Amino acid sequence: MAAVIGEELAGGTAPGPLRAARRRRSLPVWRWIILVLAGVYFLIPLYAALRFAGIASFGQVVHQTGFSDALILSLKLAVITTVLTLALMVPTTVYVHLRLPRLRRLLESVTILPIVIPPVVLIAGVLQVAPAYLKSTPYLLGLIYVILAMPFAYRSLDAGLRALDLRTLVDASNSLGAGWRSTLWRVILPNLRTALMSATVLTAALVLGEFTMASLDLYQTFPVWIVAFDQTSGPVSTAASLLALFLTWVFLLLIVTVGSRRARRTGGGQVDLFSVVRHETGRPGTGGS
Amino acid sequence: MDPGAVPRPARAAALRRAWALAGIVPFTVYVLLGLGVPAGAIAYGAFQNPDTGHLTLSNVTTATHGIYLHGFLVTMELSVIASVLPGIFGFAIGYAIHTARRGSALRRIAITASGVFANFGGVPLAFLFIATLGTTGIATRWLTDIGFNPYDNGFNLYDLGGVALVYMYFQVPLMVLVILPAFEGLRPAWREAAANMGARTWQYWRRVGGPVLMPSFLGCVLLLFGSAFSAYATAEALTSGTIPLTAIQIGSFLNGNVLAGQQNVGKALGLGMVLIIAVLMVLYTLLQRRAARWLR
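As you go down the protein sequences, you meet chains A and B in turn. The first sequence runs contiguously to residue 289 in this note's numbering. The second sequence runs contiguously to residue 1296 in this note's numbering.
Chain A extracted, bound-state conformation:
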């Protein structure tokens, strides 16, 4: 918005704004170069795999042995992980934002740990210490996936919370006589809808794509099945992984689209997965004063 207005103002004679205008017009050029490069790098392998798989394989995927069992297990794990992650992370993040803002940086460091502790090490430790009744069920994976999902869940929730004027909302809610639980359910959560959605989708995407831990824990989730099935039929297995990739992406796109449309209507902060913006109030160039 500010950039557009800036360009309009730049029609004058001063050399500074003129140069700024030229720079803004040249921006799309380098942007296109970068995006085309990225497109080439990311799309050609997809095209190559698509050609190898052939169109016919896509129809066959559904009928393969083990397909539905693996898919159902993965979906169950995704649901368990998402519910647990939100139940754990939402109250904690809101609480820290409200009552312990000084711990925010610490929480950020702790929740980043799972990205940097190798899953292969984590699963080795878990298999060593987990009690037998947990090790005999695939749902142990769900419990660990909560740890793996923490960095993504925390970051989207944190971004969403930062876009809200949380303190004012809570004070207003309290002064109207709402209790802590009622404030969380009826004030904070509706305002966090987009952040909750992106946390949900990122968690689900992680669970549906996780391979290392599931394979070392010897349970056949969908990604493990894809690999196992590769021995039987390469094209069908490739078709299955392309399908999984595409469906996850469409799902994610849908949620972000719906989420941002709703955020615009309710006037909450807009969150696209990680980044967050306060609503523009149309005041170009006032920040410098």
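It is worth saying that the hints were derived from the structure and are not from the lab. Bear in mind that the values here come from a model prediction, so they are computed numbers and not experimental data. Glycine residues also receive a C-beta, built at the ideal position from the N, C-alpha and C atoms. Misleading hints may appear alongside valid ones.
What the hints assert, rightly or not - Below, a sample of chain A positions facing chain B; criterion: calculated Cβ distance under 10 Å: (1) 41; (2) 138; (3) 244.
Claimed, not checked - A partial selection of chain A residues facing chain B, derived with a Cβ cut-off under 10 Å: (4) 44; (5) 202; (6) 234; (7) 248.
Unchecked claim - According to the in silico footprint, chain A covers these stretches of chain B (three or more CB under 8 Å from chain A): (8) 1028 to 1037; (9) 1093 to 1099; (10) 1136 to 1143; (11) 1248 to 1256; (12) 1280 to 1287.
Since chain A is already given, all that's left is putting chain B on it; use the hints.
Showing chain B alone in chain A's frame:
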């Protein structure tokens, strides 16, 4: 400011502060059980003789010599390549997305695609690249047709450089996801102020944008390093173990491919990985602290 800052009797304040910590108990317990205890078990096992249970240094000694030391070095070399290059590429893509109009289709597609690709890996990813840049892959054929066979010019999909190229497929999107919030800290007013004072684009980046974003950029690259460092399935699928990577070595211990008396060497390797990453984490935290000064 904070209502807690109002002066009140010291004991009541201390009690209040301790009580306030109760709200993060569930989270703390979960992290301790799910992350702390397993990591502790690995660390303890690294110093344990698998047969007698006595404490010993022999696992650590084995893990830091011969093929295992070589594994650590190769893993680090791969991680450096596969974090710096995607870091730069992802930074550029992230900035391109950042400058796109808010809510535009380009922005939405790019960001969601990053979320999906950042979680892509393993055999499917390896396969994508074998079909593209393998000896008979599509891109290899295209390049050969225009007179540039990559395999005659030193390229090999199955060596370190090839694996790094494949890693970029999930590293670049990860970089885009983690660097985007940093761009939000780049106030348009700064750019306008620089332009008003006659700064050219490169001057703006050299004096304003660069210094502000540098800590975030380095922090994100460290994160990518950790991600490349711990990647397992992709390299395993692509090279079937011909490149000695620490994560793959640990995996083969878990699968039971071990010599008698060496069962705990895998744990020592795991401890080594965690230690290397811990050093990086400290660096990351320091950088973030520096970055936060500008971003808030």
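Against the structure, the hints:
1. Restraint check, residue 41(A) versus chain B: the minimum CB separation of about 7 Å is within 10 Å; hint holds.
2. Interface hint status for residue 138(A): violated, as the beta-carbon distance to the closest one in chain B is roughly 16 Å, over 10 Å.
3. Interface restraint check: residue 244(A) against chain B, minimum CB-CB distance 8 Å, threshold 10 Å, status holds.
4. Satisfaction of the interface hint for residue 44(A) is found here, the shortest Cβ-Cβ separation to chain B being roughly 6 Å, below the 10 Å cut-off.
5. Checking residue 202(A) against chain B by beta carbon gives a least distance of about 6 Å; that is within 10 Å, so the hint holds.
6. With its C-beta approaching chain B no nearer than about 8 Å, residue 234(A) sits inside the 10 Å limit, and its interface hint holds.
7. Checking residue 248(A) against chain B: minimum C-beta separation of about 5 Å stays under 10 Å; hint holds.
8. Judged by the Cβ-Cβ criterion of 8 Å, the region 1028 to 1037 of chain B is covered by chain A as claimed, because 5 of its residues qualify and three suffice.
9. With a threshold of 8 Å between beta carbons, the proposed coverage of the region 1093 to 1099 of chain B by chain A holds, since 4 of its residues qualify and at least three are required.
10. Counting residues of the region 1136 to 1143 of chain B whose C-beta lies closer than 8 Å to any C-beta of chain A gives 3; at least three are required, and the coverage claim holds.
11. Coverage of the region 1248 to 1256 of chain B by chain A holds. Counting CB-CB distances below 8 Å, 5 residues qualify, and the rule asks for three or more.
12. Check on the region 1280 to 1287 of chain B: 4 of its residues sit with their Cβ under 8 Å from a Cβ of chain A, so the three-residue criterion for coverage holds.
The earlier numbered hint that this structure contradicts is number 2, and it is the only one.
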